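Colleague: Chain A is fixed; fit chain B onto it per the hints.
Heads up: the protein sequence lines correspond to chains A and B, in order. Letter by letter, the first sequence follows residues 288 to 901 in the working numbering. Letter by letter, the second sequence follows residues 2 to 586 in the working numbering.
Any given hint could be a false lead.
Claimed, not checked - Some but not every residue of chain A turned toward chain B, in silico, with C-beta under 7 Å:
| # | residue |
| --- | --- |
| 1 | Val342 |
| 2 | Leu344 |
| 3 | Gln383 |
| 4 | Ile507 |
| 5 | Ala510 |
| 6 | Val511 |
| 7 | Ser514 |
| 8 | Gly521 |
| 9 | Arg538 |
| 10 | Val557 |
| 11 | Gly578 |
| 12 | Ser580 |
| 13 | Met745 |
| 14 | Met755 |
Everything labelled a hint here was simulated from the structure, so no lab data went into it. It should be emphasised that the depicted structure is a prediction, and the values quoted were computed from it without experimental measurement. All residues carry an ideal CB built from backbone N, CA and C; glycine is no exception.
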Amino acid sequence: MTVIVAPDGSNQSDDLGQSVWVTLRRGLSSVPELRRGLGFTLALAVFSALGRLVVPLIIGRAIDKGFTDGRVDMAFITRLVGLGLVVVLMTTAAAQWSHYRLNVRAEQALAALRRSSVDRILRLSIQQHGDTRRGVLVARLTSDVETLSQFFSWGAVAWILDGTTIAVAAVAMLVVDVRLGLIAIVMSLPMLLVFRHLQKSLVEAYGSARLHVGDYLGRISEAVGASQLIRGYGATHEIRVSTRVAIAGRRDASIRAGKLSAILGVSSDVFGTAIVTVCLVVALRLGPASGLSAGAVVTFMLLVTRYLEPFGELAEVVDQTQLASSGMTRILDLIDLPDDVVRTLSPLTLPAGGLSVVLDEVSFSYPSRAETPDSFALRNLSLRIKIGETVAIVGATGSGKSTLAKLIVRTADPTSGTVQLGGVDIARVDPVELRRRVQLVPQEPFLFDTTIAENVAMAAVASTGELMSTDQVDAVLRDFGLGDWLDGMREGSLTRVGERGALLSAGERQLIALARSRVANPDVIVLDEATSSVDAVTENRLAETLQKLGEGRTTIVIAHRLTTVLRADRVVVLEAGRIVEAGTPSELSNRPDGVFAGLLKAWERAENSESTSS
Amino acid sequence: MRDAGWVSASPSPSGLGAGARLIALYVRRHPQAFALATVGAVLFGVATVAWSWAFGNVVEDVVRPFFAGETPGWRTAFLALIGIGMLRSTSAVLRRANAAIHRQRNTASWHEMVTDQLLAQPISFFRRQTTGDLLAAADNDADAAVTILSPLPYSLGVMVLLVTSIVWMLNVDLVLGAIGAATFPLLILANRRFEDKVQEPTERVQAGIAVLAGRTHEMVDGFGAVKALGLEGLMKQRLDEQITVVTTAKVEAMRIRVTFEAVQDIFIPVVNVLSILLGASRVRSGAMTVGELVSLLVLVNLMAWPLRLLGWALTDLPKSVAGARRVSALLNVTVPPLSLVLPTVASEHVIELRSVRVVHDDGRVALDGIDLDIRRGETLAIVGPTGSGKSTLLDVISGLETPASGERRVAATASDIVMVFQEPVVLNGTIASNLLLGSAGKVTKEHLKQATAIAEVDEFVAGFADGLATRVGERGVSLSGGQRQRLALARAIARRPDVLLLDDTTSSLDAETEERVLGRIETGAMAETLVIVAARPAAITFADRLVVLDEGKIVAVGTQSELLQTSPLYVQLVEALASNTKAPA
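Okay, chain A solo, but in the shape it has when bound:
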């Protein structure tokens, strides 16, 4: 997991060339869309680079053969120009064709990368997902892919077309005159050193700017998301100051990058002037006796500009290349994550009908807190729940109730011991079957940004493979005694719930989660404080429905209300990850010095103090 949790940009290697090369090879081998037809595209690019040489060559030939001794050979020039025209048309067409092929392939490759990432994210186990920051996963599919997309439509094209132009122009210079060609190429080498040096500082400056952008955006999302807190605590000034620091940091780093890139972009121009001048001087020294002609010299000088121009253009895409390379690495790291072990074993199936729940010597510790010795959320806990039984789990905050629920629905695996459903170790059950048979109704359910009906209907997908119809959903909700509530909604069950259900209250979101569990029709149902936000009056009304929901199903209730606990077949009291008491409610409440009895008494006292004051 460490790979995808790595903060963005941290895997920038000093050696740009090498890291890019490694990524390129990896990308080519894992994304077949990139490979397809690449050879032909490159051939087109080389051919198109020849087009950039046409004008210098024609001018040179025209000067030497067309304008001799004050005469102008129009027939020759016409032939020359005609030929040039044909070549230019063909090479330009080739350039655009290769450009187009490259981009279409790139878009197909990006679509494939996006699909693979979506697929991989959806196949992450809950544990893997929990270990990864959400923003990181979203960034893979959005900003990283967009960076790549920009790179392909601009940077990658520049590398291919400019790279071939440099090579072809260099060869052409050598062909025109080996001595001058060598001088020009040798003189351009120091430029590469300058580039390398500037490029490093440039990448650093961009990196620093990105960090500041991160800080700025972090502060802005706090200004939005924590607006109440910031205002209520008079922290506006404090937040403004720290945001300003990030803004100024971003601005200064970006300006530094801008200055560096200005120098970088112009350095090929400076070298161009120097090389042209030196070559001219050398050409004049060598003189006509060396086999040079006026036309050849002019051609050569124009070729020097053709040879150097692309360097400036490449300098512009260095940062983009770096970004694209690390983006690509991160996406490939995500896609290449190994699957959870269970998928590779042959999965076992659960017995049909009701399911018993057995926890056998189960311990659990949260990995992030493993360094402290006293970190076990559950220790050697054993518990047997019969088919159709309703068990209430009771205990203080941090006693391990929610961890227990997580283990039963397998959103976490025990550190040691096993959890069995119907006698089968759930670690060996196919996750798809498992979640069809076992449902958790969480305290804070997630709602999708669609209608109430669709949010409920989704729960049918796991068992039937399709959404439930709106009419059926309405029937379920009314059967739940939620008819009044539904009628109060502006568009009934077609009312939209907003982002994460923000348009509904916390209690209403819980009602939808309860309806979902009814639609999903599992054999084991785990209610984790599932009605904590529903007000007491409504919950009283729900009591009967909840009972109906539990009928014939094995039910585990993490309870926070006395009625629920007293209605259970059995109560299990947890303390510091161990079961300290278990039994029927009446058994436990009558046990002298029992924990549960003590808790009950404490509550009765609270009730008494309330009635004495009345």
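Modeller: Same frame as chain A, but now just chain B:
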């Protein structure tokens, strides 16, 4: 924000007028960098023309005579070539560096204005806006709004270059010059046509990407639900569909772009090659020299890149206008004025509410006809069924919510009114910076120590190697819900506020912890006056007085014994609580 109003004054929403006004705004904000960049660009334009002239001179006056056997003087021509070349490079650096400075300073200006605006708005503003839109304005829209600034000085330079070179070419040769002169407007025209055509698919790409990002967020945020409900197939299908939409639109936009660029790319070399033919005949008739012909060709070649850039600038302009418009729409939301008059309050009261009415944006009346006096030193509990307006009432008391009508009066002595929210928020930073949020330098060490002890923050902080200096949030450890809640409580009581408001704050703690913590807040006198939204008995038992809310109205106020006799709703609530809420969990 003073000059953000340029958009509202714009008569044609996407015309060049709005673009010109936007550019003028940027120039006004940071004139120096813009001036330097423009000077650089103009110098660059002139130097570019001059360079082709110098190059032609070298060919005509040095190279050709030399190879024809003469011994021409070469110094002047060479020095001109080098000198002009260096001028060209220097002016390019001047232009590019200052263009970057101008753009970055303007970006920072937008960022600062957005920050100020977001921090100035009341919380009701955030209910009307989606987080995505606000973040987009702060990030992408602000970026888009300044994209025009990168090619802008260059484009101005190109304009100068165009005029200079057309004059020069006409001077060299009327016919050839006219061909050259006609070339450039034609290219720009072709560019405009292309932009019109490519706009639709480009917009489709942008919209598609936005939807894709939204769906991706939902998939990742709701991952637990996706897994629990077996929605992988549904999610994959929804995302795949959107990926196809984006890819199709992108390929279409690309096809149009490539076709246009092919036309553009072919144009210059064709003009070039044909100029050689025409030029040759002019040379034959003695109308021009070979050197002049070469200069002309070099110049036409040099123009290829600037022209493409000019095209991009024209493309960027509408995008920038659209971006600036979206940012400005956010900046133009006026901040409701704060009343600075401190009304008098009866001496035994800290806060008085008179006929307060709060209406939500969807028209629902959240509170109506609220009259309430909060007495100095009392513990007041607010009870009522879900949706009766308890949290809204607390927001009004705290001053976070401004009533649509009615009055909220605060005693001058109650300067620090602090609320602990239902959902605890921890900001990126250290635990200490969170505890001292908005009160750094005002909280004594002793008070901080007491607060962390009372709210039981010490218990979990002891497990961190860095103690209170431990980083939390994005780049630090993530705290559990209970830990966040305790941190939020400690943050509030460390300040020793005059009025402490607890919005069902302790619900994520178990009943015992809740009772313990509330008891310590009460007995330790962590706040003079305490207002609690109560959902469980513990909070009620501590209250001196209770307010019963129903459907946005106060239906009863009194002590518990009074209410048990006078308020049927209170009796009903207490009964529900008694039968329901007393599980020891």
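Colleague: Against which earlier hints does the structure fall short, listed by number upward?
Modeller: Going through the list in order, the structure violates hints 2, 11, 14 and respects the others.
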